[in-house]
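Residue numbers (our numbering), protein chains in the order written: chain A, 1 to 167; chain B, 1 to 243.
Heads up, none of these hints are tricks.
Chain B is faced by these chain A residues, among others (derived, beta-carbon under 10 angstroms): (1) ALA140; (2) GLU161; (3) PRO162.
Stretches of chain A that chain B covers, calculated by requiring three or more beta carbons in the stretch to come under 8 angstroms of a beta carbon on chain B: (4) 27-35; (5) 39-45; (6) 112-124; (7) 144-153.
Restraint-style ranges between C-beta atoms, simulated for each label pair: (8) A:ALA40 - B:ASP78: 40 to 46 angstroms; (9) B:ARG207 - A:GLY159: 17 to 23 angstroms; (10) B:PHE80 - A:PRO36: 31 to 37 angstroms; (11) B:VAL10 - A:ALA40: 24 to 30 angstroms.
Just so you know, the hints here were simulated from the structure itself, not pulled from any lab data.
All residues carry an ideal CB built from backbone N, CA and C; glycine is no exception.
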Amino acid sequence: MKTAVLLSLLAAIAFSALAMALAPNLLLMPQRDHTPEDIALAFRLRSLAPILTVGLAITALVLGALVWRQPRRKGVAPTLLRAALLVLLLLPAFGGVLLSRTSMVERMFAPLEDARFADPAKAGAADDELVMGIEVAGEARAYPVRIVGYHHIVHDTVGGEPVVATY
Amino acid sequence: MWSRTVDGQVLTFRLLGVNNQNFLMRDEQTGTWWQQVTGEAVRGPLAGRRLRRIPSDEVRLAVWHREHPDTQVLVREDRFAEAYLKEDWEERLLDFPAPPAAVARSGPLEPRAVVVGVRVDDASKAFPIERLRAERAVADFVGGVPVIVVLDDDERSARCFDRRVGDRTLELFRLEESESLALVDAETGTTWDFSGLATDGELVGQRLTSVQTLTSYWFDWQNQNPSTQVYGPSLLPAASGGG
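Please put together the full structure from these sequences, using the hints given.
Okay, structure coming up:
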């Protein structure tokens, strides 16, 4: 049946889009050993995924339209079923498009926009808390490890110098 | 701690993922991927470049504040209060397995043994924190440079100083009578505090030069410094000491 072939193709393309977007994220998850080849592959995928997933999603849409136009049994149920199936299969394609543009790890560790600073007594850190301390051109700044350890990246400008605290 | 300026361009970074449990970040300006602990660009237009390291200290806020009375501190935000690392984060993290290959080659130390790492030029040495807790002040050499690694009273904050002052190389020892960490040098009898300042004696007022340290897990330090030495008697066979 032509419909089945089209649906299979659609599914393959839609899930490829999702896989392509997921792969760089999964490659860079903590539990694995990472080789330079892993990093190279993740980099290539991440660079190509935003464009490729759009191409795949468009192809999926076209296939979906073709499936829709295939003959089907009369009645509400078959129509609804086909519609539901198409939506279900198209979701991974659009999921891939979106995912290729976001960073999964940033969902786990929110970036800190607009870092604020205060006197030690007002900043909320305890005296015995570990901080990363720097001094640039006479200006001193302390970054509590418990904070930077969450965001992982904190941008700042100290003594006129743009810096980044990482942990 | 890194400078964000590369070739006159100021970069902003986003978190990307993890590479052997050390995270990767991507700059928004060029799309280059950077390794957090080395500041080295591993992929992308600036691959091969390194961020300039800014000397940093990892000490208790009370110590930092005492030494820098005008310091500003990053504010703890309510909206992230639940997300920040918990007080016992270091104990919790011990349960998280290190990457398998790193575990396999970790050898004489446990993968998650905490070490104070010192690198001078191409030479690296790891000082296990357990040894530092036992001795509090360890005089040693890294790449031929005479150093002393000291552990503060919290038994967690470490600093490293170059033992050379002027023409002398000091033999520094821990001052036993002092409750708070203090050092004394054999030649002049000068006492030195945790900030490397001479507080009493012939060399009073002089400062020891700081040497950058990195407190990390052994597996991570070893990963970044494959030929690292380890402080401590008969921990590593001479052949693998390298340079």
